[in-house]
Amino acid sequence: MGVITEKLPIYIEPMPGGSMVLTSMDFMINWAHANSLWPLTFGTSCCAIEVMMAAGASNHDLARFGAEVARATPRQADLLVVAGTIVKRMAPILKTLYAQMGEPRYVIATGSCAISGGPFVFNSYTTIRGVDQLIPVDVYVPGCPPRPEAFFYGLLTLQRMIKEGETVRKPGIRRKPVMAALPEGITIADIQAELAALLDRNATVNVPQQCKERDLDEP
Amino acid sequence: MSPDDLVAAVIAIESGVAKKDLCDRLAVNVLPETLLKFMQRLHDDPQLAFDMLYTHTAVDYPVENRIELIYQLYSVKQRHYLMVATSVKRDKPEISSVSSIWRIAEWHEREVYDLFGVLYDGHPDLRRLFLDDDWKGFPLRKDYKDDFMLERPE
Amino acid sequence: MSIRVTTLDEKIHEIPTNESPMASQEYFVNMGPQHPSTHGVLRLVLKMDGETVREILPVLGYIHRGIEKKGEHIGYRQFVHLTDRLDYLSALANNWAVSMVVEKAMNIELNDRIQTIRTIMAELQRIQSHQLWWGVFGMDLGAFTPFLYGFRDREKITTILEETIGARLTMNYIQPGGLMFDIQPDFAKKVKEFISYFKPKLEEYETLVSNNVIFEQRMKNVGILDAATAVSIGTTGPVLRASGVAHDLRKDEPYGVYGKVQFKVAVGSVGDSWDRYRVRIEEMRQSIQIVEQLIDNIPEGKTLVMKPAIKIKLPAGNYYSHIETARGIFGVFVVADGTDRPYRIHLRTPNFNNLWAVTVTAPGWRLADLVTILSSLDIVVPDIDR
Chain A
-18 MGVITEKLPI YIEPMPGGSM VLTSMDFMIN WAHANSLWPL TFGTSCCAIE VMMAAGASNH
42 DLARFGAEVA RATPRQADLL VVAGTIVKRM APILKTLYAQ MGEPRYVIAT GSCAISGGPF
102 VFNSYTTIRG VDQLIPVDVY VPGCPPRPEA FFYGLLTLQR MIKEGETVRK PGIRRKPVMA
162 ALPEGITIAD IQAELAALLD RNATVNVPQQ CKERDLDEP
Chain U
13 MSPDDLVAAV IAIESGVAKK DLCDRLAVNV LPETLLKFMQ RLHDDPQLAF DMLYTHTAVD
73 YPVENRIELI YQLYSVKQRH YLMVATSVKR DKPEISSVSS IWRIAEWHER EVYDLFGVLY
133 DGHPDLRRLF LDDDWKGFPL RKDYKDDFML ERPE
Chain Y
3 MSIRVTTLDE KIHEIPTNES PMASQEYFVN MGPQHPSTHG VLRLVLKMDG ETVREILPVL
63 GYIHRGIEKK GEHIGYRQFV HLTDRLDYLS ALANNWAVSM VVEKAMNIEL NDRIQTIRTI
123 MAELQRIQSH QLWWGVFGMD LGAFTPFLYG FRDREKITTI LEETIGARLT MNYIQPGGLM
183 FDIQPDFAKK VKEFISYFKP KLEEYETLVS NNVIFEQRMK NVGILDAATA VSIGTTGPVL
243 RASGVAHDLR KDEPYGVYGK VQFKVAVGSV GDSWDRYRVR IEEMRQSIQI VEQLIDNIPE
303 GKTLVMKPAI KIKLPAGNYY SHIETARGIF GVFVVADGTD RPYRIHLRTP NFNNLWAVTV
363 TAPGWRLADL VTILSSLDIV VPDIDR
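Chains as they are written, first to last, in our numbering: chain A, -18 to 200; chain U, 13 to 166; chain Y, 3 to 388.
Please keep in mind that the hints were generated in silico from the structure rather than gathered at the bench. Backbone N, C-alpha and C fix where the C-beta goes; we use that ideal spot for every residue, glycine too. Be aware that a few hints might be false.
Derived CB-CB ranges, DEER-like [to be verified]: (1) Y:N214 to U:D137: 47 to 53 Å; (2) Y:S212 to U:D36: 40 to 46 Å; (3) A:V188 to Y:Q80: 18 to 24 Å; (4) A:A53 to U:K31: 54 to 60 Å.
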């Protein structure tokens, strides 16, 4: 594998038609990587039950995406799904696990605690506020805990990232399809218009009037 | 035993034991010097027979310069419940360990040492439980300052 | 008095004394925080002699989030949602404990509808938690099929609860003063369908695991916890009942409508892993019986007797309430000072005591038996560290 991805591109690229061979190689390798991700069994708290166990069990089946081979050792895994809160005492261990994984390796941060610290952002003397302060993260899946279906959407986004964004010429650098999570029927222009409206300093929300319009008790 | 009899029997064991007010269950206050003897009597007496320690925790009162230690006891044989409270000085928080009476007290006392800094005399293995061994400070004290912690804006 | 504080390094570097010609084989093995069978981030430092475990030093704190300190800065109603994240497999029961403390301190009277629905929800969650335990127990012992069967049936309860509550795991449903939402109109019908589906499945579980000779030999007389030690350690729940002590809060201090339903408390005799296993299977049966008695006669009434927008202020004093979750007794101790935030809130969690039982029962057994014992105690680690 090392010869194909490290040495061959240097020889093939200058040849006539070499780029086409490399692109086909990219397609095959990315297809193989994306459809057989092997996750590491790593779950610290509540998200582990939903994201790791319930997603891998009988009702929501992780095996249909090729990812049911969960390995206990990071040396044999290539996907690290961080499910649960990371505290200061656990941080060096997470970094060791990530360092032990072999290239190419991917990280999905599931749940609010792994994305930003979750419910434990304030007044907690040990919680790390987001796992991306420790390791590079590819996909964030929000939720507390995210449903198994939400986790599958994140996994499919990662698969799309791998298929579209990786190339043997630049290993480790992945193009992020930022709008991979865009729902149907919404365009970038819609989002930009809404952002512009939010940034308008004169825009206000009149809570008592809106409550009256909806026949609610005032707070 | 009815609650009144229980309180009367408990108060009669040692001097310095008094009923504690403003608690929703039976509670007594004890002096820290007599704590170990008092707890031993509570455990061994066949009428009282407090054989289970539900939990042991502490409350920090910096204004009154004391840390109050709370023990919650239950008797499986007699099915009654008692809360025992004692106070130690905040600048010299030392008290005898009850781990020779109830085995789980070893871990509860390690937790209270970890979070409040109370030292236990006679404890077989006193070290921090939840935090790293080289952590500075005792987090659950009211005057704990930490650069890492984010305060909630009001 | 001279009190000495030690560290973990000092304990590990103690040189073992030469008791036998084989003593030079003693070594320390780290069953680290990332391990497929430790049910969370639990680190066990094992002092081993060949394949036999001599001493266990659990190292905690890998999920210590400081929930008790956080409780001093947020109100009671917000604290309820944090208790979901402790023992997440009995989230509704944890919510109930905090609600009970607040209601007793403020003298709030609840009507029968609220109590009945709370009881039904708590029992459904007990069945759900034991189903997951059964699945993971089989997986720890090397069999993957119980895991799939347990989760298949667990999803049925999860869907029923999700329709009413809105969440699958972190429920935040039982609030001080009642319930967050009213139950769906077809709740009773769905629960009855589930019960008639699950009863033959429970027999299937027995055939698969309980009547299996290999499981029996791996569990019988392994990890015996006698009654006196169990009480001294303060274990509660199925671990205590398997050792022969019949202490169940649902019978001793009835709350909810437990005083009005008929059910038996499963008590073991020997206190080995086999007894702990059988007690939990029997508890599933008794929970089904309780739900059957209640599901047809849910009384009418309001589901919230206290307006949700008011700030909850407890009068000054110390309050303690506890309930029986799937793992043991979960208690909440509040020191209130009259404001809307607790001065100190302490949680008495069942897994804190149950974990200690492994340090007492496992020495002398092999490493594979250690996994059996740890799994039969049914530990959820964020409950220990809070």
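Holds or violated: the 18 to 24 Å window for the beta-carbon distance between V188 (chain A) and Q80 (chain Y)? holds (21 Å)
Using the Cβ atoms, figure out if A53 (chain A) sits within 54 to 60 Å of K31 (chain U). holds (56 Å)
Could you check the hint for me, namely that N214 (chain Y) and D137 (chain U) are 47 to 53 Å apart, CB to CB? violated (40 Å)
Would you say the C-beta atoms of S212 (chain Y) and D36 (chain U) sit inside 40 to 46 Å of each other? holds (43 Å)
When each numbered hint is compared with the structure, a violation occurs for hint 1 only.
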